[in-house]
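J.: With the sequences and hints as input, model every part of the structure.
Which chain is which? The protein sequence lines are A and B, in order. The first sequence begins at 3 in the numbering used here and counts up by one. The second sequence begins at 221 in the numbering used here and counts up by one.
The set of hints was computed from the structure by calculation and includes no laboratory data. Treat the hints with care, since some could be wrong.
Unchecked claim - A partial selection of chain B residues facing chain A, derived with a Cβ cut-off under 8 angstroms: (1) A304; (2) V343; (3) F347; (4) A493.
No residue lacks a Cβ here, since even glycine has one placed at the ideal position from N, Cα and C.
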Amino acid sequence: MSRDRFERALLRVLKPLVIMVLVLMTAFPFLYMVMLSVRDIQELILEPGSLWPRGFTLDTYVDVLTRQGFLSFLRNSAIVALASVAVTLLISIPGAYAVARLRFFGRRQVHFLFLAVYLFPAIVLAIPLFVLFTMLGLRGSLFGLILVYIAQTVPVTVYMLRNYFETVPRSVEEAAAIDGCTRLSTIWRVVLPLSKPALMATGLYAFMIAWNEFLFALLFLVEKRESWTVSLGLSQLAGSIEIPTTVLMAGSVVLTLPIVIVFFASERLLTEGLTAGAEKG
Amino acid sequence: MTPTLRQREGRAGLALISPTLVITLVVVVLPLLWAIMLAFQDARLINIRRVGIFGHYTLENFSYVISEPGFWSSLVNTLVYTVAGTALSIAIGLVAALALRDRFRGRTLVRASILIPYVAPVVAVAFLWETMLNPQYGIVNTWLHEPIAFLSQARGELLGVRVPVALFTVIAFEAWRYFPFAFLFILARLQALPAELDEAAVVDGATPTQRFRYVIMPQLWRIIALLSVLRFVFTFTKFDDVYLLTGGGAGTEVVSVRVYNFLTARDDIGASAAQAIVLAVFLVVFLVVYLRFFGGGEGEQR
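T.: In structure tokens form, the structure reads like this:
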């Protein structure tokens, strides 16, 4: 058998195998998470190796949502994430338009600034912000957290939107200008309707950052239980002995589910937006 | 004098970009400058109001932080964690991208499921790993001959060799969680490659491995170099993953976790800031060295 034939045959076998291993590696833990969340803790301790629960129970979810307070954590997370998305879009749309279309003093430097913010280590930023928020008495308020998330996402969303705005033909905008549109109304009436996919992608990106974030939530909110986000709530309760692991697994599902739904609904948009620069190499 | 069209465009541009600039300035740039100042002052949470711009500047924090036991070992941990995590996540991402390059039934679903570890909240996945690896009721330990305390055991024996168990576990977590990131970028690059080259190589009788080596890989080096930089930067200063998995125990303490502990457990803001600055300086040094070696080589190739 020639080397070519041999390699092709080998790859034909290997490829599905690799795909299977990858799917198992990524999907299995989440399957395990869901399976643990619907069983009783007694059963888990007696049969840790079994994957399929003997008796299904949803009491874990009731417990985590009401007794452990995850309903109010969910509300906090939703407030933080939605406010972050709204303000991020409000700020990054004009910014991205300016970078994409207008020649202004310092346009190149702005680029560098955004890259720097994107790469900037959060742990360095955490110290002064922690001190500042302590001094201003902003610790424990969701407002400060939202502010930090906006600052961390805006550079990336400006970059994502800019890539897209550049594909909007200039001639369409010029036609609108001739019809008497001001710059702002051109953005509102012409550019934005044409950029819906990009707006969705950036909004979802901001949502994911704000929903998943942990370090700043820990630093700012830990002392005030009623403002905990779901991430913080889960991490704080995970160490306690009184709450069964299965109940906390239900909490993990509650934390993960919104993001997975959002992600599956928008997977193509989001990955294309994020890797847009990669194709140019 | 009325402004020219060009001047008006410039003003509009500045006006539209200014909200972005203001928020990055207020929440990122100014705090950074302040962090640098704090690193040179004796600042604690109790006396913070007395520490002003014209306060007493000193290098004490730096000498204290560097001579404190555990600092250098945490720096080594950080480096091992970062290099191994970066390399592994890119390697797995490359394999995944190659395997999923051609269309097949269910590819969209497979692709989405591969991305879940990356998009899922870090707290949930860290807790999930903790539960799976738990020595008492974790499912992984029921498959083993004798239970291993993956996350709380500093050293163990594997085939007669002593290995840092917990450190390996957090590295595995890092690779598992971030290979989708590399996968996404490499796949995007693969799909943008011109098909003609590959086809020409087939006509010339190149075997699959030869095509991979001489046709595909040369076109992937740039994206892999970019990914190495990005993952290195992100991982080197990463806090959540290690903190949530081990809390920095069992030989997994990385510098960012130390920074957090100095800040919250010891209330020593100055030392915490100094440590963070040292971390950032090391990061910049490694980056410069990297760009010297790889950035230069790439220029010669072209």
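J.: If a hint holds in the structure, say so; if it doesn't, say that too.
T.: Taking the hints in turn, this is what the structure says about them:
1. A304: With a closest approach of 18 angstroms, the A304 of chain B hint is violated.
2. V343: holds, 4 angstroms
3. F347: OK, holds: F347 of chain B within 8 angstroms of chain A, min 5 angstroms.
4. A493: holds, 5 angstroms
Hint 1 alone, counting from the list given before, is not met by this structure.
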